[in-house]
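Colleague: Using the sequences and the hints given, assemble the complete structure.
Residue numbers (my numbering), protein chains in the order written: chain X, 7 to 122; chain Z, 52 to 165.
Bear in mind the hints are in silico, worked out from the structure with no lab data behind them. Every residue, glycine too, gets a C-beta built ideally from N, C-alpha and C. Wrong hints could be hidden among the right ones.
Under 8 Å between C-beta atoms, here's a sample of chain X residues computed to sit facing chain Z [what the hints assert, rightly or not]: (1) Ala8; (2) Tyr39; (3) Gly48; (4) Pro49; (5) Phe51; (6) Tyr54; (7) Thr58; (8) Gly59; (9) Asp62; (10) Asp63; (11) Leu66; (12) Asp69; (13) Leu111; (14) Phe113; (15) Gly114; (16) Gly116.
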Amino acid sequence: GAGVSQTPSNKVTEKGKYVELRCDPISGHTALYWYRQSLGQGPEFLIYFQGTGAADDSGLPNDRFFAVRPEGSVSTLKIQRTERGDSAVYLCASSLTLLGAPGELFFGEGSRLTVL
Amino acid sequence: AQSVTQLGSHVSVSEGALVLLRCNYSSSVPPYLFWYVQYPNQGLQLLLKYTTGATLVKGINGFEAEFKKSETSFHLTKPSAHMSDAAEYFCAVSDGEGAQKLVFGQGTRLTINP
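Modeller: Here it is in structure tokens:
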């Protein structure tokens, strides 16, 4: 498809389990972002990749959260030892990288994570 | 740190009426400002953005926003609401000079009454 694809769209897991969320960005977009959106809130920044490297991971809440983008395209967000507070919609976005202003973010529909 | 405040988590207007969604920002550097819209069961999409130049910015679907530095505001308006405008709207600011990431407000849900 032409847009940002996220899988799974829904994930229900038990407290303490490991979860992986996948993002397939728009082809040719060098920048990739992960955001988290809790109910009634705006997207909260988690991590930003420029190519294969994490350019800014300051939003990751703790060391249970980790993300990779090994070939500069698909990215995986990994959450270890999930907690109920991790329940949220995890959004992925990609963009071209522009000098100066941030590029337009193209968002996927999100992966809804529910931790029981 | 940069921040965004959207006044009113819910706004309801009649079809054909003016839409006004308020956004105030805090930024230590000249800001880049954005409005994104999220329709039901869809991903967020860009409505409009201000980077430099003209302070009145026009976007898709008849929306526009004006950057007012003195008021640190970037309110979103549309002269005449359509039923199809019902969605959640998010204001965002770039997180610092040259920063690629955005800081989002908490969102405003717009309801259109027939």
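Colleague: Work down the list of hints and note, for each, if the structure agrees.
Modeller: A quick look at each hint next to the structure:
A cut of 8 Å between beta carbons decides the hint on Ala8 (chain X): the least distance to chain Z is about 12 Å, and the hint is violated. Evaluation of the Tyr39 (chain X) hint against chain Z yields a held restraint, the C-beta minimum of about 7 Å falling below 8 Å. The restraint placing Gly48 (chain X) at the interface with chain Z holds, with a minimum CB-CB distance near 4 Å, inside the 8 Å limit. For Pro49 (chain X), the suggested interface contact is upheld, since its CB lies about 5 Å from the closest CB of chain Z, less than 8 Å.
The closest approach between the C-beta of Phe51 (chain X) and any C-beta of chain Z is roughly 5 Å, which is under the 8 Å cut-off, so the hint is satisfied. The interface hint given for Tyr54 (chain X) holds, since its Cβ lies 5 Å from the closest Cβ of chain Z, which is under the 8 Å cut-off. A least Cβ separation of about 16 Å between Thr58 (chain X) and chain Z goes past the 8 Å threshold, and the interface hint is therefore violated. For Gly59 (chain X), the interface hint is violated, since its Cβ never comes within 8 Å of a Cβ in chain Z; the closest pair sits about 13 Å apart.
For the restraint placing Asp62 (chain X) at the interface with chain Z, the shortest Cβ-Cβ distance is roughly 6 Å, inside the 8 Å limit, so the hint holds. Given the 8 Å rule on beta carbons, the hint for Asp63 (chain X) is violated: about 11 Å separates it from the nearest Cβ of chain Z. At a threshold of 8 Å, the smallest CB-CB gap from Leu66 (chain X) to chain Z is about 13 Å, leaving the interface hint violated. Interface restraint check for Asp69 (chain X): the shortest CB-CB distance to chain Z comes to about 20 Å, outside 8 Å, so the restraint is violated.
At about 7 Å, the closest approach between the beta carbon of Leu111 (chain X) and any beta carbon in chain Z falls short of 8 Å, and the interface hint on this residue holds. Among the interface hints, the one on Phe113 (chain X) holds; its C-beta lies about 4 Å from the nearest C-beta in chain Z, closer than the 8 Å criterion. A distance limit of 8 Å between C-beta atoms decides the matter here; for Gly114 (chain X) the minimum to chain Z is near 5 Å, and the interface restraint holds. Nearest Cβ of chain Z to the Cβ of Gly116 (chain X): about 7 Å, under the 8 Å cut. The hint holds.
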